[in-house]
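*Asks:* Sequence:
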Amino acid sequence: MPSKSDLQALLKDRYGINKNVSQALSPEDCEQLLSLLRDRPAARGLVAAFIQKNNELSNNNRALGQRRSQAEKRLERLTQDCQRLEAAVAKQEERNQNLAHYKEELAQEESELQRKIEALNQQNQALASKVQTLTTRNDELIDANERLQKDNKALKNILDQIRLRLARDIDELLRYEDSELRKAMIRVLRWTLG
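Numbering (our numbering), first residue to last: 100 to 293.
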């Protein structure tokens, strides 16, 4: 009696039945199947149809396996791309938040600078008003000083005329003989002439 392996080889060679299909059969079942297929053409046709269908299913399974493998690889790539994109989006959102915070700080600084500029403008206006007031007062003081200088000059001229007249009058009085009168006049003259 041939071995199970020999019987499986005969089923494969003669009828195309794979060993993985005939593996579940006992050696007796393999012999009966060989006998059945040899004697019955309808059984051979049925087995041939099963084999063809099995080959088609095998090809389909192989194609599906390849597509599944490709789909899994693509899914893995897409998952990695998605993770990279999510990380990039998170990073961009963080940048956007940082930029928004920086923009808010700049707006606050700008507002503060605007307030300082307004305060400086008010100070400048106040200083300009003070400068205008001081300029006006300075002009008034210059005018008053000029008038005082003219008045002083006029008073000095008057004083000089008085001194000169007094000196002449005293000189005339000194020509008189009275010594007491002369002494008093000399004192007045010295005091007047300074």
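Calculated from the structure, these hints are not laboratory results.
Honestly, I wouldn't trust all of these hints.
Pairs of lysine to any residue residues, derived as SDA-like cross-links and limited to a Cα-Cα distance of at most 20 Å, are as follows [claimed, not checked]:
| hint | residue 1 | residue 2 |
| --- | --- | --- |
| 1 | Lys-118 | Gln-165 |
| 2 | Lys-103 | Ala-148 |
| 3 | Lys-111 | Lys-152 |
| 4 | Lys-111 | Arg-143 |
| 5 | Lys-118 | Leu-177 |
| 6 | Lys-252 | Thr-234 |
| 7 | Lys-249 | Asp-238 |
| 8 | Lys-103 | Gly-115 |
| 9 | Lys-111 | Ala-170 |
| 10 | Lys-118 | Lys-172 |
| 11 | Lys-190 | Glu-155 |
| 12 | Lys-249 | Ile-269 |
*Asks:* All hints, please: hold or fail.
*Replies:* Going down the list of hints, with the structure as the test:
1. Between Lys-118 and Gln-165, the direct Cα distance comes to roughly 24 Å. Violation of the 20 Å bound is thereby established for this hinted pair.
2. Restraint check for Lys-103 and Ala-148: not satisfied, since their Cα atoms lie roughly 24 Å apart, outside the 20 Å limit.
3. The suggested pairing of Lys-111 with Lys-152 holds, with an alpha-carbon distance near 16 Å, which does not exceed 20 Å.
4. With a C-alpha separation of about 13 Å, the suggested pairing of Lys-111 with Arg-143 holds against the 20 Å cut-off.
5. For a cut-off of 20 Å, the pair hint linking Lys-118 to Leu-177 is broken: about 40 Å separates their Cα positions.
6. With a C-alpha separation of about 26 Å, the suggested pair Lys-252 and Thr-234 falls outside the 20 Å cut-off, and the hint is violated.
7. For the suggested pair Lys-249 and Asp-238, the alpha carbons sit about 16 Å apart, so the restraint of at most 20 Å is met.
8. Restraint check for Lys-103 and Gly-115: satisfied, since their Cα atoms lie roughly 16 Å apart, inside the 20 Å limit.
9. A hinted pair counts as satisfied when its Cα atoms are at most 20 Å apart, and Lys-111 with Ala-170 does not qualify at roughly 34 Å.
10. Distance restraint check for Lys-118 and Lys-172: the Cα-Cα separation of roughly 32 Å exceeds the 20 Å cut-off, and the hinted pair is therefore not satisfied.
11. For the hint linking Lys-190 to Glu-155, the alpha-carbon distance of about 51 Å lies beyond 20 Å, and the restraint is violated.
12. Among the hinted pairs, Lys-249 with Ile-269 is inconsistent with the structure: their alpha-carbon atoms are about 29 Å apart, more than 20 Å.
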